[in-house]
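What follows is each chain in one-letter form.
There are 2 protein chains.
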Amino acid sequence: MANSIECVPNISSADAAVVEAAAAQVRAVPGVTLLNTSSDLSHNRSVITFVGDPVGVEEAAVRLAKAAAARIDLTRHRGEHPRMGAVDVVPFVPIREATMAECVALSRRAAQRIWQEAGIPVFLYEASASAPNRKNLADIRRGEFEGMFEKVLQPEWEPDFGGRTVHPTAGVVAVGARAPLIAFNINLSTPDVAIANRIARAVRESGGGLPCVKAIGIYLSERDAAQVSINMTDYTRTPLHRAVEAVRAEAAKYDVGIVGTEIVGLAPMRALIDSAAYYLNIAQFDPEEQVLEYRLDV
Amino acid sequence: MANSIECVPNISSADAAVVEAAAAQVRAVPGVTLLNTSSDLSHNRSVITFVGDPVGVEEAAVRLAKAAAARIDLTRHRGEHPRMGAVDVVPFVPIREATMAECVALSRRAAQRIWQEAGIPVFLYEASASAPNRKNLADIRRGEFEGMFEKVLQPEWEPDFGGRTVHPTAGVVAVGARAPLIAFNINLSTPDVAIANRIARAVRESGGGLPCVKAIGIYLSERDAAQVSINMTDYTRTPLHRAVEAVRAEAAKYDVGIVGTEIVGLAPMRALIDSAAYYLNIAQFDPEEQVLEYRLDV
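Protein chains in written order, with the working numbering: chain A, 1 to 298; chain B, 299 to 596.
Careful: at least some of the hints might be erroneous.
To be verified - Derived coverage of chain B by chain A (criterion: at least 3 residues anywhere in the stretch with Cβ under 8 Å from a Cβ of chain A; other residues may be distant): (1) 533 to 546; (2) 558 to 565; (3) 586 to 592.
Hints are computed from structural coordinates only; laboratory data are not their basis.
Quick reminder that beta carbons are idealized off the backbone N, C-alpha and C, glycines included.
Pulled out of the complex, with its shape left as it was, chain A reads as follows (with noise of 0.2 Å):
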């Protein structure tokens, strides 16, 4: 079960010296390797990519989210991306010869000892919710952190681990089990977020638009420019080409163009042959008999 899971915490933090704090946790535990760390300025948070075996990667997770709690305060955090914990989310994801089933019981392990041990509330999410109505992180988020004391009050909304007392400082988690992602960022040639909004409304699956596509507009104030900010659910129902594309139509509607695309953190090598040859135009092309790394290993 060697590097069978992949761990991707998302902390409310650009600041370099949290993030190798919480970096520093990850390095220490045996059997898990930190892979990658990517910080954004103006989201004012930052996402840290690690795999390793179950048990490293719970106590990686456990240990990260304790060092964010300690560093990170949200009564004072101003970012353009919207969050409600010091550890926002907490994502363990399957590769190679891990199941679902086996994130799921791990991430309920990694939520109780997150409670137990760091004092953040926690909501399980995607495969491991409780409810139909706490798969969807944004739906668990909407309010953010300074919403959140009001709304774990209500009956639907209280946590799944530590009742109905919010963090202070730290806030709240949402943890659980889900299938591998692409953060994927879409810079528009405006400042005005309200476009980026428009354009994100109207790709996201939520509006009507792509399957397995969440999309948000955001300001980049250290540019001066608007972003639509993705989460690709299931690259293989909606590939990456689709969605770039889909902003591309959408942001010609107001004389608005793409100046560039952000991949942040890791994405699988697959997502990326699938849009070389779609843009490439290659036909009858089958990357697992033709794409010579796929075959010097099996």
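Please build the complex by placing chain B on the supplied structure of chain A, with the hints as guidance.
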């Protein structure tokens, strides 16, 4: 040294029974894995890809040459792709831990055996070439099978193995070590092969075009369409997308478009990832850091 050498013989037949006979020879050799066969009816040619350890790959290449010589009669061969032998070219490619020098040594052993055991004279080419004018396959092959009987009589064109007697039905063969190559065809919206030839001349290195690009125009009778048939000899110097966009721009001069492309046989994933990053306009993308598969195996 398992799977450290790739061998990609091209044989002058697209007949399924002939290809299967050649493939069966490869499959029968211990330490060798057949990865792919690709046949093109208009080219009347097939590309066979296998990997293995040096001893196994040498044995498989010799057996395949014998099988091809026994079944392909070039006096009756018609096809759009230039050819000089029943087995036209046998390249050995270092992958993983193998070196080019090891592939050169291997190619010389295989060349001697192909002459001794199959009776086919051999020109060493690319990294194995015995003279500068023999590095380029197109220079060796000029005149094709029909012209080879005269060509080998010229002082500078005596084969490296086998003397000046061309095999009466199997011709001659080029054997050598080379870097990985992508066989990449671009199909045009015109049947006019003269246009494909003009585009090929404009984009290929020998015509002052893109570095590490070889290209010829070919008429595909079964589609009634013209094709620019390309060998990309170093995709890190000229990537796939640059070749496609160069062909697109040249074709536009004739009011011709690209209807599709083909990758013949196998391609390294990095070539496709680089093109995805280009077309998706991904900024600051580091595949070795951000593509999951690169990170799991180190």
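Results of checking the hints against the structure:
1. With a threshold of 8 Å between beta carbons, the proposed coverage of the region 533 to 546 of chain B by chain A holds, since 3 of its residues qualify and at least three are required.
2. Coverage of a stretch by a chain is defined here by at least three residues with a beta carbon nearer than 8 Å to that chain's beta carbons; for the region 558 to 565 of chain B and chain A the count is 7, and the condition holds.
3. Counting residues of the region 586 to 592 of chain B whose CB lies closer than 8 Å to any CB of chain A gives 6, so the stated coverage by that chain holds, three being the minimum.
Going down the numbered hints, you'll see the structure goes against none, and every one checks out.
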